[in-house]
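S.K.: One letter stands for each residue in the lines below.
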Amino acid sequence: MREGKIAVVGDKDLILAFKAISMETFCADNKEEGEKVIKQLAKNNYAVIFVTENLAEQMDSLLAKYKTKAYPAIIPIPTSAKSNGYGMKGIKADVERAIGTDILFNKED
Amino acid sequence: MAGRLQVNPTRMELKRLKLRLKTAVRGHKLLKDKSDEMIRRFMEFAKQNKTLREQVEKELSEALTTFIVAKAVSDDAVIQEAVAMPAKTVKLEMDSQNIMSVVVPVMQVKESESKDRYPYSFASVTAELDSSIGVLSGLLQKMVKLAEIEKTCNMLAIEIEKNRRRVNALEYVMIPQLEETIKFITMKLDENERSNIVRLVKVKAMIAEEL
Numbered sequence: 002m003r004e005g006k007i008a009v010v011g012d013k014d015l016i017l018a019f020k021a022i023s024m025e026t027f028c029a030d031n032k033e034e035g036e037k038v039i040k041q042l043a044k045n046n047y048a049v050i051f052v053t054e055n056l057a058e059q060m061d062s063l064l065a066k067y068k069t070k071a072y073p074a075i076i077p078i079p080t081s082a083k084s085n086g087y088g089m090k091g092i093k094a095d096v097e098r099a100i101g102t103d104i105l106f107n108k109e110d
Numbered sequence: 052m053a054g055r056l057q058v059n060p061t062r063m064e065l066k067r068l069k070l071r072l073k074t075a076v077r078g079h080k081l082l083k084d085k086s087d088e089m090i091r092r093f094m095e096f097a098k099q100n101k102t103l104r105e106q107v108e109k110e111l112s113e114a115l116t117t118f119i120v121a122k123a124v125s126d127d128a129v130i131q132e133a134v135a136m137p138a139k140t141v142k143l144e145m146d147s148q149n150i151m152s153v154v155v156p157v158m159q160v161k162e163s164e165s166k167d168r169y170p171y172s173f174a175s176v177t178a179e180l181d182s183s184i185g186v187l188s189g190l191l192q193k194m195v196k197l198a199e200i201e202k203t204c205n206m207l208a209i210e211i212e213k214n215r216r217r218v219n220a221l222e223y224v225m226i227p228q229l230e231e232t233i234k235f236i237t238m239k240l241d242e243n244e245r246s247n248i249v250r251l252v253k254v255k256a257m258i259a260e261e262l
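First to last, the protein sequences are chains A and B. Following the numbering used here, the numbering of the first sequence begins with 2 at its first residue and continues without gaps. Following the numbering used here, the numbering of the second sequence begins with 52 at its first residue and continues without gaps.
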């Protein structure tokens, strides 16, 4: 049993909210900054990294690399606006990958 | 598509190939069973993942919207100050669990007890911030749970895909190849046997003629 840390990566205004519930926050406004922060966090014993959806969407290829390892878990979270469905798309992709077709979401499509 | 292997048609080779076929068939069955079980587990996780994500996304969006409102009505420095010192510390214990030989994360949040939910005095900030922070701190457990389940889903999906490749390789390449080679060797050996008999019969006839 090890101890891990929780990080939130996103734009400055939003991540402030997470600071109040004692998550560690890292500000990143664009793709380059985001990738740099994520790489740094992955090395430094962070168990969960929450990334805002719009940022995660841009860093798709980098995030795919971390999918095979147990830690860190990089999870997209919605921003204050309505969710753009990136997180749900991830689940959908998983189901398609495992089963071949999407059987969880096909009612809605 | 599956051609036969390049081997000598000998009895020894035949025996070796038969053993390999047996192993391949056994392995194929085991991997197929593994795949079935993994998919069953995966579906459970995927459903949980979906409902949990829906919940978290909805609550989080609302909380963040109120936070933005709170930020808009108060002075920036006030908000900064208000959230700078969290009321409680959060510890995350990371462990791992083995699901069908996939090592997935298990996480547990340990929140230190605190009388106060809000890390600031109520004098300086608005009620929007209170509700936003309140919802967020309640959401922490759920978010970590979501992280755990989503990661598990991810890893299982990747493993299922890998496993399916193995099953298919065995089923459509390895096993047909072995079967075809075994058939080829048996035919060749039978053919040798027959030509041997014919030769013997011929020789016998020649000898009988000479006498």
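Careful: at least some of the hints might be erroneous.
[Unchecked claim] Label pairs and their computed distance ranges (CB to CB):
| # | chain 1 | residue 1 | chain 2 | residue 2 | range |
| --- | --- | --- | --- | --- | --- |
| 1 | A | 59 | B | 212 | 33 to 43 Å |
| 2 | A | 86 | B | 181 | 46 to 56 Å |
| 3 | A | 59 | B | 99 | 19 to 29 Å |
| 4 | B | 128 | A | 33 | 25 to 35 Å |
Since the hints were derived computationally from the structure, they do not count as laboratory data. Fair warning: this is a prediction, and the values are worked out from it, not measured in the lab. Heads up, the beta-carbon is just placed ideally off N, CA and C, and yes, glycines get one too.
S.K.: If a hint holds in the structure, say so; if it doesn't, say that too.
M.R.: For each hint, the structure was consulted:
Our hint of 33 to 43 Å for residue 59 (chain A) and residue 212 (chain B) is violated, since their Cβ atoms are close to 25 Å apart. At roughly 30 Å, the beta carbons of residue 86 (chain A) and residue 181 (chain B) sit outside the given window of 46 to 56 Å. Hint check: residue 59 (chain A) to residue 99 (chain B), Cβ distance near 28 Å, so the stated range 19 to 29 Å holds. Roughly 29 Å separates the CB atoms of residue 128 (chain B) and residue 33 (chain A), a value that falls within the hinted 25 to 35 Å.
In summary, the numbered hints that this structure violates are 1, 2.
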